[in-house]
Every structure is written in structure tokens, then in C-alpha cells.
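S.K.: Chain residues, written in single-letter form:
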Amino acid sequence: MSLTRQDVAKVGLLARLALTEAELERMTGELSKIVDFVSQLGELDTSAVEPLAHPLDTRNVFREDEPQPSLSTAQALANAPRHDGSCFLVPAVLGETGAA
Amino acid sequence: MHLSERSATDLVAAVRAGELTATACTTAFLDRIAAVDGRVNAFLAVDRDAALAQAAAIDERIAAGRPVGPLAGLPVAVKDALCTADLPTTCASRMLAGYRPPTDAFVVARLRAADAVIVGKTNIDEFAMGGSNENSAFGDVHNPWDLTRAPGGSSGGSAACVAADMAPVAIGSDTGGSIRQPAGLCGITGFKPTYGRISRRGLVAFASSLDQIGPMARSAADCALVMETIAGHDPGDATSLAVPVPAYTAALDQPLAGLRVGRVPAHFGPGLDPEVAAGVEQALAAFEAAGATIHEVDLPHAAYGIPTYYLIAPCEASSNLARYDGAHYGVRAEPGGGVRAEPGGGVRAELGGGNAALGPFDSPLVEMYCRSRAEGFGPEVKRRIMLGTYALSAGYYDAFYAKALRVRRLIQQDFLRAFETVDVIAGPVSPTPAFKLGEKTGDPLAMYLVDMYTVGTNLAGIGGISFPCGFTAGGLPIGFQLQGPALSEPLLLRAAHQYQQLTDWHLRRPALVP
Amino acid sequence: MTATPAAEPYTTVIGLEVHVQLQTRTKLFCGCPTTFGAPPNTQVCPTCLGLPGSLPVMNRRAFELALRAALALDCRIAPFTKWDRKNYFYPDLPKGYQISQYDLPFSSAGQLEVVDPKGAFSRRVRITRVHLEEDAGKSMHDEAAGVADSRIDLNRAGTPLCEIVSEPDLRSPQEARAWLGELRLLLVYLGVSDCNMQEGSLRVDANVNLHIPRPDGSLAKTPIVEIKNMNSFRSVERALAYEAVRQFEEWQATGAELGSAPKQTRGWDDAAGVTRGQRHKEESSDYRYFPEPDLVPVTVSEEQVAAVRAAMGEPPSVLRNLLAERWKISAYDADVLVNQGRPLVDWYEQLATLSGDGKAASNWMQQDVLRTLNERGATIGEFPLEPAAVAEIIVRIAKGEFDTSRGREIFAAVLESGTSVAEVVAALGIAAVGDDELEALCRELLAANPKIVADVQGGKEQAAAGLIGQAKKKNPNVNPAKVRAMCLELIRRG
Chain F
0 MSLTRQDVAK VGLLARLALT EAELERMTGE LSKIVDFVSQ LGELDTSAVE
50 PLAHPLDTRN VFREDEPQPS LSTAQALANA PRHDGSCFLV PAVLGETGAA
Chain E
0 MHLSERSATD LVAAVRAGEL TATACTTAFL DRIAAVDGRV NAFLAVDRDA
50 ALAQAAAIDE RIAAGRPVGP LAGLPVAVKD ALCTADLPTT CASRMLAGYR
100 PPTDAFVVAR LRAADAVIVG KTNIDEFAMG GSNENSAFGD VHNPWDLTRA
150 PGGSSGGSAA CVAADMAPVA IGSDTGGSIR QPAGLCGITG FKPTYGRISR
200 RGLVAFASSL DQIGPMARSA ADCALVMETI AGHDPGDATS LAVPVPAYTA
250 ALDQPLAGLR VGRVPAHFGP GLDPEVAAGV EQALAAFEAA GATIHEVDLP
300 HAAYGIPTYY LIAPCEASSN LARYDGAHYG VRAEPGGGVR AEPGGGVRAE
350 LGGGNAALGP FDSPLVEMYC RSRAEGFGPE VKRRIMLGTY ALSAGYYDAF
400 YAKALRVRRL IQQDFLRAFE TVDVIAGPVS PTPAFKLGEK TGDPLAMYLV
450 DMYTVGTNLA GIGGISFPCG FTAGGLPIGF QLQGPALSEP LLLRAAHQYQ
500 QLTDWHLRRP ALVP
Chain X
0 MTATPAAEPY TTVIGLEVHV QLQTRTKLFC GCPTTFGAPP NTQVCPTCLG
50 LPGSLPVMNR RAFELALRAA LALDCRIAPF TKWDRKNYFY PDLPKGYQIS
100 QYDLPFSSAG QLEVVDPKGA FSRRVRITRV HLEEDAGKSM HDEAAGVADS
150 RIDLNRAGTP LCEIVSEPDL RSPQEARAWL GELRLLLVYL GVSDCNMQEG
200 SLRVDANVNL HIPRPDGSLA KTPIVEIKNM NSFRSVERAL AYEAVRQFEE
250 WQATGAELGS APKQTRGWDD AAGVTRGQRH KEESSDYRYF PEPDLVPVTV
300 SEEQVAAVRA AMGEPPSVLR NLLAERWKIS AYDADVLVNQ GRPLVDWYEQ
350 LATLSGDGKA ASNWMQQDVL RTLNERGATI GEFPLEPAAV AEIIVRIAKG
400 EFDTSRGREI FAAVLESGTS VAEVVAALGI AAVGDDELEA LCRELLAANP
450 KIVADVQGGK EQAAAGLIGQ AKKKNPNVNP AKVRAMCLEL IRRG
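Chains as they are written, first to last, in numbering that gives the first Met the number 0: chain F, 0 to 99; chain E, 0 to 513; chain X, 0 to 493.
Think of the hints as simulated: they come from the structure by calculation, not from any bench. Among these hints, one or two may not hold up.
Computed list of lysine-lysine pairs in DSS-like fashion (alpha-carbon distance at most 30 Å, straight line) [to be verified]:
hint, chain 1, residue 1, chain 2, residue 2
1, E, K439, F, K9
2, X, K459, X, K472
3, F, K9, X, K227
4, X, K227, X, K137
5, X, K227, X, K262
6, X, K220, X, K358
7, X, K358, X, K398
8, X, K358, X, K262
9, X, K472, X, K398
10, X, K459, X, K473
11, F, K9, E, K435
12, X, K481, X, K459
13, F, K32, E, K439
14, X, K450, X, K471
15, F, K9, X, K137
16, F, K9, X, K262
Distance ranges between label pairs, derived from CB positions [stated by the list, open to error]:
hint, chain 1, residue 1, chain 2, residue 2, range
17, X, P32, E, P245, 34 to 40 Å
18, F, E20, E, R47, 43 to 49 Å
19, X, N195, E, P234, 28 to 34 Å
20, X, G190, E, P245, 43 to 49 Å
A quick note: this is a predicted structure, and the numbers were derived from the prediction, not measured. Every residue, glycine too, gets a C-beta built ideally from N, C-alpha and C.
Just chain F, with the same shape it has in the complex (with noise of 0.2 Å):
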């Protein structure tokens, strides 16, 4: 097992995601199997290699500083689980910024 099951409460709690403890237990046995399965890349030696994040060589793609229609605050609203009509509504933050 490369993943124990705190491991996976800790990345749970990264992904935002609640686990119930089946699927703690589950998820911790499929995700060493997987992990195992993908660890096979270190076989390779790759340090002459750079890596590729975009399959195609394209640079500097822009669009010019012009405004453009934006939705109605009906339209941007239209999906939202709470709202008051002009904003989205969720618990509350409190005192809290988001990023450290």
C-alpha cells in the first residue's frame, strides 16, 4: 500500500471532498493500486527530457483591449443554488482570506 488512509483523508480534504469511511477504505486500496500502477514512469530516465504541458509549440496569442457584452446579472445568476437577485449567497466566510 503507497497510500495510507491519512494520506487520503489529507487529499480528501485538499479536493474538498467528503469521504465516508467505505469510501475511505475503498479509495485508499484503489488509489495505492493506481499510484503503484502509474509509478512505473520512474523506469525511465528523463533528466535530458523537458517536459511538455501543451502538445503544440503555439506562443503569445492575445486579444486586444476592446470590451465585449457581458452577461445580464439575471444570466450570470440564472444556475446559482442562492442568490438575492444581485449576488451569489453562500455560508458565511468569516474573518478568513482564502489564500495564506
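For chain F, the structure is supplied; the task is to place chains E and X on it using the hints.
M.R.: Below, chains E and X without anything else, positioned relative to chain F:
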């Protein structure tokens, strides 16, 4: 021949010539959907009235002598991972049940502008993650050739829909094989063009550096027809290629003589079903008989394709799916219990029983995130999010994600080298014919391996097309794949089309009686 | 809290992290406008809302302004740059990640110097990096009707931000405040940002700790604290001053040193005048950065850099020296003028050219033009006079037609009436006073003021000043200096 059995090319010509109305055409397919989709479950949303209204409007313009687009009257089914402003876009997930985008995807807008008739949204593996269409929150798709078998995935609904004549053309998307593999298992033609050839704007992202939209139809000629409408530069997609679109349908007629076809011996190792191997070899022989030459090529890192893909794709997906958190759209689990699908009053998601998720949570906000996502996502999606989050996290990034990006370059270099000596690489698209529903769902890794022949194409960013090359003794389609260098769409479509002039596998239909 | 002792037994070490909103018309990745103050969620689209299927495309102007800012800060521009995703969950971040720059920012290794015009300090602060990223939306806590909700407005989400990170080179709260002022001036001068803290187009976080010399000569370092929520440059100064004292007292009590605990974040409470510790989140720092797949990398050529540099205009530091040299004014005067912004500097230079006297022009700018602008709450663009009008006053004073105080009267009258200098001069009956007329007037004054004459004869020359007011009453056109000189001369002659 029934209307629903005619090719897209044929139907479009007939409408243009005034021999067929858009309404008659659309009605035929809507009726076919009503007759057989109950057993196939290819569609998640069909709006009969809206489709007929679209068709009627086109007929009016034709009758008035006003110009109509190149696909006038052609019914098209759209994978439910693409945004449509007039139909829900759920990605086959409870998370987006009832979600209505404010705008069409770029490709959908192009189809509408060409006067195609959007008949409905097809079923998929949830958020495009899967190889069998058994990960949908709204039921499995059944392979029309054998309803107890999977159609492949993630564009299983699109593939099944075309195979069962419920639409002449469907739009799919392909991240690791999600167009080509289900096309192979359903006996139709599926095309994944070069990365960036078709705009991803409005395609709900799974893995952004791998995703590509493509057409699925009964023939390469029909795929070429649709490609002319949907391919092209989009300034709203920074990864979209600013390269002109060739007239794909005009370039289909050059014969196969002189085509250098690569065969990769490693593709034919253990793990490849013998009947599939036989079918593929037969197709290679047909190419050779038509004047193509077969050459052995090596893709030394092919075996590392699956582990590379199953690192890069989940990592990108874990980030792409972070937006589904119940805050601005999608399903939200309110603190205190209960799941509601509020948006637009669509489908009401059900809360699973006995699923008390672990707490305690740091705050009501964190609880909302954790429970909304737990309740909105299915198990495969969760697995990939967890895997991707882990592989990107501090301490693991270099060994996993960064490592995979380096192997990706090796895989791309393999292809570049191979294409110095051959024009296309041919081989199987799937290691087996259509497998039984439930056969691989117990083992995620086993399911991942169905993509073994297709992931390399996406990793390298090149093009690939799959089409039928035979049938098993049991009557299941055998798929064949051609891969070509970046921007070799004309070559791939032409080669497939020429093969389809010499054979008739692509014209066979499942015996799906209404 | 005790006041900071005059001779501090520690060195305060400060680094600043500044976010400025770039002065573009639209957001970084979409065409939504960035104007301040619009009703909530009216400047949003699928891209900045993070709707499924949406994609970002880089704003060319934003990148150019960012390049300009980096060049002004003397940074090295990377020939190849890319964007990365910074992943975390927060309701004002609809995609669940911020598109930012991680390991290959477009610029690094710059500097900005601040020099106190009164000579109290001078500090060269190194810039670690300047990078380009998108802003998040706004989260507002709403306590109306007892509902514990936050309201989310995504108008600001996607606004282009330059993040400017300094090395911990600042050594006092005063320096930090001044440096921020210099940075702000620079960026406003170059049209990069309007740097308005009230509107949120400039935001500052600070990192501060103390270096405390021990009796044995070694150096104790307190843990670094990040300070947030400072809403003005004055708050920055106050917060840093408070925090330095707090850290010193804490160190005296606990001896805790750098590295003994994870980095703390404290929020400044301006009303209470204190920093408060914020809840520490363990996993909050794992942002899982990876290259943004939806954006392609950007290459910057030397030609491009040269073009941006050429179009930039002079930064304040260069302009100060230039003005001082060109117009023979002091460094202090040049500083005052430059601080008012380019439009006023341009106005001044016209005045100096037309009047032929840079020093006089500078005085008139500071004492008269600026005073008027401040009184009216106006900008130089709204000032009703042309440089030519004020130049005329200066020239006529130089010619001796009237004195400076008379000149001020004319200035005020021209402002009030909207007529020309010549017309006002005529209306006020200003005319040169001839020597004979002056002598006659002075003889009159001397005759009427025997005590003053006696005082002057007794050695108190300054008593003659008492005659000037009387002279002006009799004839407002007299030059006070000439009156004084003439009276003294007459008294001397007897």
C-alpha cells in the same frame, strides 16, 4: 432505404436539391429515437418540439428561396459535455443536473449557423471520464450491437446513437480515446483531429491539454463534411490553431497507392484479443492490396502511454473540476442535510442513503464544498480528482506530474520519428471488442487499459481516426485506427474514405428492431 | 502599548508585497469592463464566472502595461514566460484556481530607490519579481436579518493584477510608507495603474520581523509575521510601527525565534490600532501549482522591450533631476512638483519657459497655483488660467512694474474675473510710480512720523518697516522695497 439509414452527405444533398424537407428528415430521426432509445439510453435530452421548430424554420427559408447553410436540415446529436443554450448540459453528472449554460459552445454555434438541426444531447461517462459509458449518473448506454454490452466511452451515447441510426452524425470529444474507442466498439467512424484544430470553447473541460472535439458518423466522408463546418480558428480559445481549414470533402478521392502505412509490432502483443488482431491484419492486407506499403515502426514508449495519461489527465481534471463546488452553479448540499438541484428547476438529485460523510468540518463553507462535491460526483470522477490532487501536491509533483510531462515528450518524439518514414500508423483502436456491461467496473485499472491504443494520440497532440474493419464471430464490430502527424486531417480522412470504398463494414447495421 | 523608544534596541526588517490593478479597459482574460463601482455581477461573463466550458485569452494591453511596470522597476525581463494555476477553494474564486505565475514570472531582479526629500533616509529596495495574475471577486459579509451568509460579487474577478514583491530591504515604517509613495507615483506616472487604495487598485501586505543584537554580539531574529488588511499608506506605517513593538515585547517574553513556528498572519485593525492573529490553516499553502494548459507561453524579444521602454516616458526619479538641472530649482522644489503628477509638471515647464525664470515659476506653482488647486479641490487640468497668464505676471514683476504682493492681487483678480492680466492691471489702476512721486510721498511720511525717524537715526533701521503700510495706503502701486530704501536714504541725508 429508410430515411434514417441514409448518410449525412446524402441527406444534405437531398435537402439542398429540394427532394427532402428538413422537417421530414428531422422527424424520421426523432421517430427513430423514440422507437429505440428506450433500450439504448443514448440520449439524456431530446426536445422534439424545438428540433422540429428548427427544421421548420429552415424549410421556410428554403421555400422562400433564401440561402441556407451547408448542413441545412441535417440532424446532429451533441455530446452532453458541450454547452447548448437551449438544452440542459449535465455532463451526465448529478452535479450539473438541470444546468443551463447562457451560451452555445463554439462548435454548436457553428453547427447552428450551418443550419444543422440539434436533435439532442447524448449520454456520456460522467465528465467524460470513462471507457464504457457505465459512469453516467443517468444510466448506462447499451451497445446497439448487443444490448448487454458497453458501447465504449466516454462518447458512448454519441457512438450508439449513430450506430443505431438515431442521428446521421454526432459530435463527441476525445481526451484519451473517447471518440475513437466507442466508435470502434460500435462499428462507426470516429475522428479526433489534431489538438487545436477545433475550438474547445464551450466543451466542459476534462483535461485541457488533451481534450479535442470531433465528429462521429457512419463514414469518413460524413465526418469530413462535418469537419468543414466545425473546424477552424477561434480567437476565444488560445490553444486553437490559426491555420486555414482545407476543403476536406474535396480531398477524399486520391487513391491509397503509395501511402506508407506504419505497423507497430508492440501493438500486437498479449492483451490484444485474437479476433481483433485478425481483423486489423486483414485491414492492413486490404491497404496493401490497394497499393499502400506496410512498414514496421517502433513507438518505444507506447507501453508508458497509459500511466502517463492517467497522471496528466487526472491532474488537469482535479483542477478543472474544482469549480464544481456548489457555490455559483451546480448542485449544493446545504449545511444541515439534503441535496437540492435548484438551478432552473431541473432534475432533482437524490441523496444516497446511509452515506453519512466524515466530519467535523472547519466551517459551514467547507462543509458545503465537501458535501456538495461528495454528493454531486460519481465514484470514477472522485477517484480521478483524488489521484490528480495527490499527484500535484507538495512533495509529489516532481515524481508524478512533472515526470509524466517528460514522458509525454518522449511519446511525442516517438511519433515524430515514426512519421519520418511512414505517412500514417495503423493498428487496433481497442484491445477487445465490446465487453459486457459490468465486466470491468470492479477494477478501475482494468478499465483504464481499454485506452491503451488511443492515449498516445492525445499525449502527442496528433490526429487519429477509427472505423470498422470487420466483425467477430459473435457479430461484434472490430475497430481499426489510423494515426497521422499534426494537421494530417486530409490524409486521415482520405485514407479512411478510400478503405470504405473498398469495403462495406461501415455500412453494416445492428439488428435493433423498433 | 508603550511608544517606540528613541534608540531602538532592534532593527525592523520589512518586505512588501504590492498588488496593483492595471489600467486596462477590460479584464485580463475576457472582454468584461473593469470600471470601479458598478452594481454587483454586471461585469461578468462565462470566462470570469468560471462557467463550465469557458476559456481565458490574454489581454495584450495588460501584458504591455505589466512589461512597462517591470522595466520602470529596473527588472530583468524573461525571454520566455508562462502562466500557472494556483489551486484553492474560496467563493470569490469561481474556477477554484487563480491563473497566476509561479516559477517563470515575466520579470525579476529589479529595484526602486526612495530618497527622503528632507534627507532623513535613502533606501534602495530590491524587487524580487513582478508577475501578472488575475484578481478574485469580492466577498461581503452580510449580517442583515440575522442571516449568516456572505454575498459574492464577481465584477472584480479576472481584473489584471501586477504583483510586485520586494526583498526585505526596508528598515523602518517611515521608509516603507515613503517607498510605497514612490512606487505609487512611478506607476501613476507611467499610466500603469491609478493606484487608488480606496478603490482597491493598490493593495499592500507586509512581511516584518526584527533583528535583535544580543549582548554577546550575535543576532536574534524574531519570526516573520505577514500583516494584511492595511487600507492606506498611513495604516501601513502605523501597523508596522505597532507590530515592531509587539514583536519586541513578545521576544522579550518568550524568546521565540525565526523558524520556531510556521509563518504567522496578522490582520491590522485600524480603529483599534493593533494587529490580530488570524486562524492558522494547515493545508492552506499547498496550491498544487502546475502550468496553465489553456494559455500558451509568451516570448518577449529585445525589440519588444526596447519599444516599451521608448514609449514609457520619464519616471519621477529621472524627472526630478531633470527639472532641477534644467530650471535651476532645488531638489526639494523639484520633488514637490513631480509629486503632483505629469500634467502639472508639464504646466510648470511651460510657465518656466514663458517666464524665463524657473525659480520664480516654481515659487508661483507652489505658493499660488497649488494653493488655489487645493482650495478648489481641482486638478491642473481644471485650472482656469493658462501658463501664459501667470508668466506675464512674473515677467512684469521682473521688469519692476509692480511687486510680488501686487502680483498676487492681480493673480487673484484674474482668477475671479476671468479677464486678462492687462485688463486687471488697468482696472486696479496699477501703474509704475516715478522716482519724484516716490520721493514726495516719502517726505510726506517722514514728516508725519517723527518717532520712526528718530528711531532710525538712533540705529534701529527696522523701524522703517512701519512706514511701508502707510505708503501703500496712500498709493497701492508703490514698491515696498523702494519705499524703505528711499525713506532710509532721506533720513540719512537728513
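S.K.: Next, verify each hint and record whether it holds.
M.R.: Consistency of the hints with the structure:
no.: 1; hint: E/K439 x F/K9; result: holds (29 Å)
no.: 2; hint: X/K459 x X/K472; result: holds (23 Å)
no.: 3; hint: F/K9 x X/K227; result: holds (28 Å)
no.: 4; hint: X/K227 x X/K137; result: holds (16 Å)
no.: 5; hint: X/K227 x X/K262; result: holds (13 Å)
no.: 6; hint: X/K220 x X/K358; result: violated (49 Å)
no.: 7; hint: X/K358 x X/K398; result: holds (16 Å)
no.: 8; hint: X/K358 x X/K262; result: violated (52 Å)
no.: 9; hint: X/K472 x X/K398; result: holds (23 Å)
no.: 10; hint: X/K459 x X/K473; result: holds (24 Å)
no.: 11; hint: F/K9 x E/K435; result: violated (36 Å)
no.: 12; hint: X/K481 x X/K459; result: holds (18 Å)
no.: 13; hint: F/K32 x E/K439; result: holds (16 Å)
no.: 14; hint: X/K450 x X/K471; result: holds (19 Å)
no.: 15; hint: F/K9 x X/K137; result: holds (28 Å)
no.: 16; hint: F/K9 x X/K262; result: holds (21 Å)
no.: 17; hint: X/P32 x E/P245: 34 to 40 Å; result: holds (39 Å)
no.: 18; hint: F/E20 x E/R47: 43 to 49 Å; result: holds (46 Å)
no.: 19; hint: X/N195 x E/P234: 28 to 34 Å; result: holds (32 Å)
no.: 20; hint: X/G190 x E/P245: 43 to 49 Å; result: holds (45 Å)
Consistency note: the structure conflicts with the earlier hints numbered 6, 8, 11.
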